[in-house]
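Asks: Chain by chain, the residues run as shown.
2 protein chains.
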Amino acid sequence: MNNSVIEIISIGEELLIGKIVNTNAQWIAKKLTDMGWKVRRITTIGDDVNEIISAIRESLSRGTKVIITTGGLGPTFDDKTIEAISKATNRRLILDENVLKEIEEKLKRRGRTLSEPAKKMAYIPEGSKIINNLIGTAPGIILEHEGTTIIALPGVPSEMEDMFEREITKILEFKHKLQEKELTIYNVPEAELAPTIIELMREIPNIYIKSHPKTELGDKITLKLHIYSQKYEDKDWGKIVEKIKEKIREKHNYCEIEEI
Amino acid sequence: MNNSVIEIISIGEELLIGKIVNTNAQWIAKKLTDMGWKVRRITTIGDDVNEIISAIRESLSRGTKVIITTGGLGPTFDDKTIEAISKATNRRLILDENVLKEIEEKLKRRGRTLSEPAKKMAYIPEGSKIINNLIGTAPGIILEHEGTTIIALPGVPSEMEDMFEREITKILEFKHKLQEKELTIYNVPEAELAPTIIELMREIPNIYIKSHPKTELGDKITLKLHIYSQKYEDKDWGKIVEKIKEKIREKHNYCEIEEI
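Residue numbers (numbering that gives the first Met the number 0), protein chains in the order written: chain A, 0 to 259; chain B, 0 to 259.
Here are a few chain B residues that face chain A, going by a calculated C-beta distance under 10 Å:
1) 12
2) 14
3) 16
4) 31
5) 40
6) 54
7) 57
8) 75
9) 116
10) 155
11) 194
12) 211
13) 212
None of these hints come from the bench; they were simulated from the model.
Using N, Cα and C, we set each Cβ at its ideal position, and we do this for glycine too.
Working from the sequences, and respecting the hints, build out all of it.
Replies: Pasting the structure below:
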């Protein structure tokens with residue numbers, strides 16, 4: 000098992016019908032990458048309990064170190080994430096008295112009393128730790144299950160981000176800073192640069208270079224290069240970028256390189 | 000097998016490191032939903048040939064009617080989608096002379112000659128149909144495989160969208176128009192509205208109502224309701240929305256409803 004591999008499971012029909020863009024997954028993936036973790040897969044599914052169970056079980060069977068879910072934690076009929084986690088891990092749902100009290104107090108402040116759907120949010124899989132929701136109502140959970148940490152966060156971005164910053168950055172070890180550099184390369188088609196990129200990635204260990212063609216009709220040939228690594232210190236990264244630029248200039252002497 | 004079930008497979012490290020948001024998946028999901036299709040899952044993976052093969056095989060094993068991939072079609076070492084499709088479906092890669100000629104002509108117009116990486120883009124899985132790329136270089140493919148249609152589109156949004164509009168809307172049957180309506184509901188907490196939503200979805204067949212809490216600290220309680228269906232004609236949809244509003248007013252007489 001690779002100890003830094005994470006999967007994200009995004010839950011919500013609104014993602015599958017294209018009503019919203021999955022900015023939660025991108026936000027989490029960026030945070031984790033900055034901390035040195037490797038996101039292997041992002042799975043987006045609807046509010047269907049069997050689909051969620053399948054997605055969690057599949058991820059567990061891949062030996063994922065950490066699974067982070069977003070969405071499906073609220074009080075409505077289609078908030079199924081907690082039920083799915085309990086079923087996927089064969090754990091009972093248990094009423095958490097502290098969470099129940101918390102929900103009651105939040106409702107009271109709004110002049111409301113506890114309803115059955117609100118009470119549902121106080122049931123959590125046996126053995127879970129609670130992540131308090133300081134913005135909304137539904138709590139998140141952290142569950143250690145047979146070597147995998149399962150983390151369930153809300154789908155509302157402000158609630159998810161607050162929980163992540165407060166609690167998740169504490170439990171997920173910082174591994175290594177992400178180093179990155181972007182270059183714009185003119186006058187070299189992607190296919191011609193390709194062998195140079197392969198050579199560079201062979202010569203310099205643990206770097207990743209990705210090219211994206213940006214040429215519009217009639218423009219001069221333009222490529223964006225994204226160079227990154229989770230293995231270098233600041234003091235070495237500048238030298239590596241220089242080495243990459245030198246090699247590209249040497250192999251493609253008609254090119255122009257611009258730093259972004 | 001449900002004849003309207005589609006899965007999207009998004010391929011690219013830039014998605015897994017959170018460098019970009021997956022707008023391609025959202026764009027495709029919206030288009031398909033508008034045509035009456037149901038997107039069941041969106042899987043995002045990196046440029047790893049084994050990961051792509053696994054994702055395709057898993058989707059095939061779920062009996063998916065149509066699989067649409069985006070990304071990984073270019074000339075670079077990490078463009079692995081075509082290789083993965085050929086391996087996942089046990090088909091040989093065959094040099095397509097027409098595609099090769101097309102690529103050569105595109106390069107010639109830019110004053111370039113054919114390189115090995117560019118030639119790679121002319122190899123396609125046996126039995127595939129070609130989707131011409133009118134904006135960039137890498138062609139897309141359509142492959143009928145044991146009852147599943149596998150469609151591979153580029154990751155560059157302008158190229159992907161152009162191919163989808165030109166070719167995919169022709170081969171995917173239009174099933175039914177998406178009807179939708181958004182309402183803002185004030186003064187009802189999500190948990191109190193939840194049983195009403197369940198009742199409505201029982202009374203009115205084939206509608207989906209999703210609530211999203213929008214209350215900020217200190218605001219009055221605010222919910223967005225998104226109501227949609229792929230089963231109603233224009234003439235009936237207005238009546239259904241009225242029925243939903245009436246029921247909500249009847250059950251929660253302290254609420255305010257605003258149409259968006």
